[in-house]
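Residue strings, one per chain:
Number of protein chains: 2
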Amino acid sequence: MRAWETVAIVGVGLIGASIGLALRRRGLAGRIVGIGRNASRLETARAMGAVTTVTTDLDAGVAEADLIVVCTPVAMITSHVRAVAAACPDHALITDAGSTKGFICRQLAAHADTASRFVGSHPMAGSEKSGARFAQEDLFEQRVTIVTPVGGGSDAVPQIEAFWDSLGSRVVRMSPDAHDAAVAAISHMPHLIASALAAATATEDLRLAAGGWSDTTRVASGDAELWRQILIQNQGHVLQSVDKFAKVLADFREALATEDAARLEQLLDAGKQKRDALGS
Amino acid sequence: MRAWETVAIVGVGLIGASIGLALRRRGLAGRIVGIGRNASRLETARAMGAVTTVTTDLDAGVAEADLIVVCTPVAMITSHVRAVAAACPDHALITDAGSTKGFICRQLAAHADTASRFVGSHPMAGSEKSGARFAQEDLFEQRVTIVTPVGGGSDAVPQIEAFWDSLGSRVVRMSPDAHDAAVAAISHMPHLIASALAAATATEDLRLAAGGWSDTTRVASGDAELWRQILIQNQGHVLQSVDKFAKVLADFREALATEDAARLEQLLDAGKQKRDALGS
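Protein sequence lines correspond, in order, to chains A and B. Counting in this note's numbering, the first sequence runs from 1 upward without gaps. Counting in this note's numbering, the second sequence runs from 1 upward without gaps.
Calculated from the structure, these hints are not laboratory results. Hints should not be assumed to be uniformly reliable.
When chains are identical, the list treats them as one kind, so a pair holds in a single copy or across two.
Derived lysine to any residue pairs resembling SDA-like cross-links, with alpha carbons at most 25 Å apart [unchecked claim]:
| no. | residue 1 | residue 2 |
| --- | --- | --- |
| 1 | 244 | 177 |
| 2 | 247 | 215 |
| 3 | 129 | 206 |
| 4 | 129 | 24 |
| 5 | 247 | 210 |
| 6 | 244 | 279 |
| 7 | 247 | 232 |
| 8 | 244 | 206 |
| 9 | 129 | 89 |
| 10 | 244 | 76 |
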């Protein structure tokens, strides 16, 4: 049974196109409208079956939508959601897929036209790759999507949770601020650390890089502009995570500098315990 | 054509057993003697075809060997190589597979019985996993093995290089000290960073861990005791790498704290350029 007559997706990159593919594969939507600024990118998404129709006109694209998912870079989400809210039907619900939530959700809760119909979301299923061509219909399966109502939330919350659940996600509900603190530690810090490690590596040593360097720096391939936006929007929590990490790093340095073998092994073992708890 | 009549492998973990499998698969050795302290581990290696015969008696195990590869933890390599040298035939060559080279090669170059017949090696093909059961016959294919002669090197050097080449490795020759500086940056630092990142993560955030955290911390699963030995043996170079990294991390922190978007994106882009240069 169709859950939605018309779903509009604003921004058909990796996440947006994967949502479209998942909706179609599962028969959850009658029409899927892809909305973006770049006609050839939209055509790529249409050709691969991620959307059924495309337009560069946001107002026209959302005019008949029952659900709109805004999948644009985090710095654009607030203005895109407001533009969507001004043009979509009264009954329509709006969510997003941004990696930060505090700034976005606070802004949108402050406006009457978005307070009741927008619910923030963050599917934890990104990749260092970007673009519709890397989209996967099973991208959200078994992955966590965090849904972040403001205050008590609205009637829209369970519907947005049901949406991500219908794509195979494990839905976790958190406040926008709790979300930002958690993803600073679990996602934004790994990116910053991977990037710093890659940047600190001398070019002439790269020919010796094996699996360790390669795994540890993989996410540093992510789009620099998108990540700059994410880090700045989540500035406070990321700075806290950086400082917490720097303290642990200083402990490692001290143990190594003083050849405190027992302490060094204890620190290495603490890292191993956390990593092993996750599995491969 | 057989390259070696008898090869002895001291320590049949992931690396030692993979050497055995590669030698057998390529028909490069008549006999492969697995030497270790733990009889049941040796039996595992024999049962999987990594060695043709096993013994817990090092002297007996190397008595007829033409080549001995010491694959024990780095803190043990020097004493194991000296014990091997005292018991093997005069014509036999000895190498190792340790992740540090300066300390080991300096020690062994200072003794007449090992100076001419030992050549240090480091196959850059480890894994966060350990144990013979994770051995692979193609572990060294397309991977770099660094061979580290001391001074001018001996006649043994080209033979040891030919050995790793025959297993499919790309051989790179470096001095022990240049090796240690390079691997501090490309291998030991990623481990230390991954471990510090994992250790700094709160347990309650782990349920949200996605691909980014998982990739960035993967190597932290490595054996804590082995890595403690490696970091301490390569103390000087690792501390230099830690300080270089900490400086780049401080640059990131400063750019983020001051909301210097241009600088932050420049740093992220520098990391991306280095990572993209490697490929996936």
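Okay, the hints, checked on the actual structure:
In this homomeric assembly, residue 244 and residue 177 come within 25 Å of each other (Cα to Cα) only inside a single copy, at 18 Å, whereas the closest approach across copies is 33 Å. For the homomeric pair residue 247 and residue 215, the shortest alpha-carbon distances inside one copy (23 Å) and between copies (22 Å) are both at most 25 Å. Both within a single protomer and between protomers do residue 129 and residue 206 lie at most 25 Å apart by alpha-carbon distance, with minima of 21 Å and 23 Å respectively. Proximity of residue 129 and residue 24 under a CA criterion of 25 Å is satisfied intra-copy only: 22 Å inside one chain copy versus 40 Å between copies.
For the homomeric pair residue 247 and residue 210, the shortest alpha-carbon distance between copies (24 Å) is at most 25 Å, but the shortest distance inside one copy (28 Å) is not. Only within a single protomer do residue 244 and residue 279 lie at most 25 Å apart by alpha-carbon distance; the minimum there is 24 Å, versus 31 Å between protomers. For the identical chains of this complex, residue 247 and residue 232 are neighbours both inside a copy (22 Å) and across copies (20 Å), given an alpha-carbon limit of 25 Å. In the homo-oligomer, the alpha carbons of residue 244 and residue 206 lie at most 25 Å apart only across protomers (16 Å), although the nearest pairing inside one protomer, at 29 Å, exceeds that limit.
Taking the shortest alpha-carbon separations for residue 129 and residue 89, neither the intra-copy value of 34 Å nor the inter-copy value of 55 Å comes in at or below 25 Å. For a Cα distance limit of 25 Å, the shortest separation of residue 244 from residue 76 qualifies neither inside one copy, at 30 Å, nor across copies, at 35 Å.
Checked against the numbered hints given earlier, the structure breaks hints 9 and 10 and satisfies all the rest.
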